[in-house]
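Colleague: Kindly generate the complete structure, drawing on both the sequences and the hints.
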Amino acid sequence: MDLLMTEEEVRFRNEVRTFLDTHLDEGLKRAERLNPSFLADPAVGLKWQAKLNDKGWVAPSWPRQYGGTGWTLAERYIFDQECERAGEPHFRGASIKMIAPVIMRYGNEAQKSFYLPRILNGEDVWAQGYSEPGSGSDLASLKTRAVLDGDQYIVNGSKIWSTLAHHATRMFALVRTADTGKKQEGITFILIDLKSPGVTIRPIRSICGTHEFNQVFFDDVKVPVSDRIGEEGEGWDIAKYLLEFERGGAFAGGMLRAMLARLQRLASEPLPGGRKMIDDPLFMARFAEIATDVDANDMLELSAMSKVQAGGNPGSVPSSTMKIERSRIRQSIAELAASILGTDALRWEEHRPLHELPEGSEIDEECKVASAVYFNSRSQSIFGGSNEIQLEIIAKTLLR
Amino acid sequence: MDLNYSDEQLLLKESAERFLKERYDFEKRNKIIASETGVDAAIWSEMADLGWLALPFAEENGGLGGGPVEISLTMEAVGWALVVEPYLSSVILAGGLVEKLGSEEQRAEILGGLIAGTSRPALAHTERQTGFDLDNIAATATKSVDGYTISGEKPLVPGGSFADVFLVSATLDGTVKLFVVPADSAGLTSTQVKLVDGSRASDLVLDNVPVLASALLGAAADTLAEIEAAYDRANAALASEAVGIMDALMDATVAYTKERVQFGKPLAAFQALQHRMAEMAVKCQEARGSALLATLSVDAPRPMRIRGVSGARAKIGKVSRSVAQEAIQLHGAMGFSEEMPIGAWFRRLYAIENTFGTTADHLKRYGEIIRDPAMLSGSLLREPV
Ligand SMILES: Cc1cc2nc3c(=O)[nH]c(=O)nc-3n(C[C@H](O)[C@H](O)[C@H](O)COP(=O)(O)OP(=O)(O)OC[C@H]3O[C@@H](n4cnc5c(N)ncnc54)[C@H](O)[C@@H]3O)c2cc1C
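Going down the list, the protein sequences come from chains A and B.
Under our numbering, the first residue of the first sequence carries the number 1, and numbering increases by one thereafter.
Under our numbering, the first residue of the second sequence carries the number 1, and numbering increases by one thereafter.
Bear in mind the hints are in silico, worked out from the structure with no lab data behind them.
Among these hints, one or two may not hold up.
Cβ-to-Cβ under 7 angstroms is the rule here; a few derived chain B residues that face chain A [said to hold, decoys possible]:
(1) Arg288
(2) Ile328
(3) Gly332
(4) Phe336
(5) Glu338
Glycine residues also receive a C-beta, built at the ideal position from the N, C-alpha and C atoms.
Modeller: Below is the structure:
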């Protein structure tokens, strides 16, 4: 056992670093620093995505035949670490990491050849249509209905909390096509063009002051049967496959480390009274504790990765553990960062996106976004399967 | 020792809650914070009519002679309803200082206007570097022919954007003094700032602002000591406000989980969540105890006052954050959206943690006090005075 990179991997890392040095410009990095949300503002995200696409690096996890990189897991890990270190806008979300693997696995040839290139070049941005007002953790209770009428489905109902749906061109959605049998069995997976007649999008503002998610209403929306993924009633299995990517598939170690490095920079700056937080033992104890959490979480990730590389499966306990811990670590970093602001924590900048505001010093800007980041961090333990649901999964495995 | 509320106190609590329930629901409050001024003049004059603005002042000053307990009950209701009007900053902080330091004329004028609802004074003391070292003041006052000239910067003056008159601290011959500065004084600029909890403050800049000799408040008094005592009264009030918010979050969470059905059952039927709410209740009870100690310490000798007040702010800072985070978590995405008051309570608690000393400031201040073994080992019960 060891933690050594191969010579080849070191070369690869240096190549990635050089690319990021030259292509990830200050404007993009600043926009990301000033983004309180999980995903970048699409205008920013798509700009960065285009640059990655030119290099052929936009979808590191895809097989080469679909336009991916064909990298090993270790290379993908290194790439992610470097992107985070450099401060890339986070945008490779629902489109690249969620719906694409589903289309590759369950889609037919026509769907693959139409949708996958449009994801790579940014022509399509996808929203995830799972949750409904009455169905959150209990996803299988969903009610949005799709009725087959000739060669199309007529969809009626409503999805909620759909992140970035107001910027998205399409939504992948779970809909009910049957009421018989177990509730999981009547669920079908379809792709909805959000420009279709009958689609209405209502913005919802979150407690960090940003409009990031929405409620989406479907009123007799027509979806061609050719936009169904898999068979009717197969939606639940497909959804579970997708959730694996949402929860466990992402490398987070790099992101947490990058957040911690930002916090360290903030804490190294003299406060108005001349004091620095890194000289405060109480602060440093909390900071160091979080750093050990990051190391432990990163090791879990590397171990899971090694298992997969050797052809095994990491299992559900490590991936639920990582999801829980990742959210807690993000929340504690954000909380500690906000605690540095002192009285300035009271100031609230309403304008969104923050990067449209005139430029200030890096530290002033960190202060401007820190409260919003703290508020936003509370969602980490709710979305993508809440921490309570992850604990249920772990408990079930333990007590089986 | 008696820790029971009197019948009059319970009546006051009930009337405050009823008034805010009828006149200050969440929708109404959202309209107020979205408005140009961020304050509702009608509500303020109703508060005057109800006697809220007179509550803490002595009867000889036109007040109702209410003590810390009456203030704490009012502040719990203020917290619950998320009142953004400057009750704390104008009445308790600035009004309290005028009562302690003002001459008869100053009291008659400023307190008179405050109690009638026609004046809203604000204290402009702390500066960027002050933190909770209340003597760290850079603004200066110099003697002039007929009074003083004041210069300095006072950021984030609470209630400042609603104020017609400021109590500005500045060093005069090396000692901190307070001056009454009308908001329309020449050389004074006040910029409105929107705060994280929806309320407003102002950034004040004083550039050679001339004031008359009669503007000096409490010429002979130990002004710093009075300012510190006023902040302690305000901090005890904040502790009670936080308790009101925590109760509101607790009640809202219990009600929501009883309604919200997932997996065929109300969320409240899951034992995992029942225990989480029970833990929240434990924290609410603890906070209540701390806030009561703070309330009953504001008139005690300084070390005991600090133990009670800063101890409560430190303790409540921690437990209130945890209760607020849990409330959001148990509401799921609903708690993360602005549609429910959960997020607004959460943000107000966050603001409280950074008002008149941060949670860490108060923990340190408390830590200094309990270095004295007598203070640490002494009972909470006190000798009669
Ligand atoms: C920022 C954000 C972005 C989101 N983006 C999307 C998106 O793009 N698309 C989409 O479809 N959805 C999205 N969601 C919704 C998300 O998936 C749901 O919030 C999540 O599944 C929880 O559902 P809920 O909010 O309805 O909470 P509920 O299911 O009502 O749960 C409320 C609380 O009860 C707990 N709980 C529920 N059941 C149990 C149980 N049996 N035992 C113990 N505890 C339980 C939960 O953990 C939670 O703490 C987003 C949510 C957020 C906050």
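Colleague: The structure should be examined with respect to each hint, and the outcome stated for every one.
Modeller: Here is how each hint holds up against the structure:
Interface hint at B:Arg288: violated, since its Cβ lies 24 angstroms from the closest Cβ of chain A, which is beyond the 7 angstroms cut-off. Interface restraint check for B:Ile328: the shortest CB-CB distance to chain A comes to about 5 angstroms, inside 7 angstroms, so the restraint holds. Annotation: B:Gly332 was flagged as interfacial toward chain A, and the flag holds, the nearest CB pair being 5 angstroms apart, inside 7 angstroms. Using the Cβ-Cβ criterion of 7 angstroms, the hint placing B:Phe336 at the interface with chain A is satisfied: the shortest such distance is roughly 5 angstroms.
With a least beta-carbon distance of about 4 angstroms to chain A, the hint placing B:Glu338 at the interface is held under the 7 angstroms criterion.
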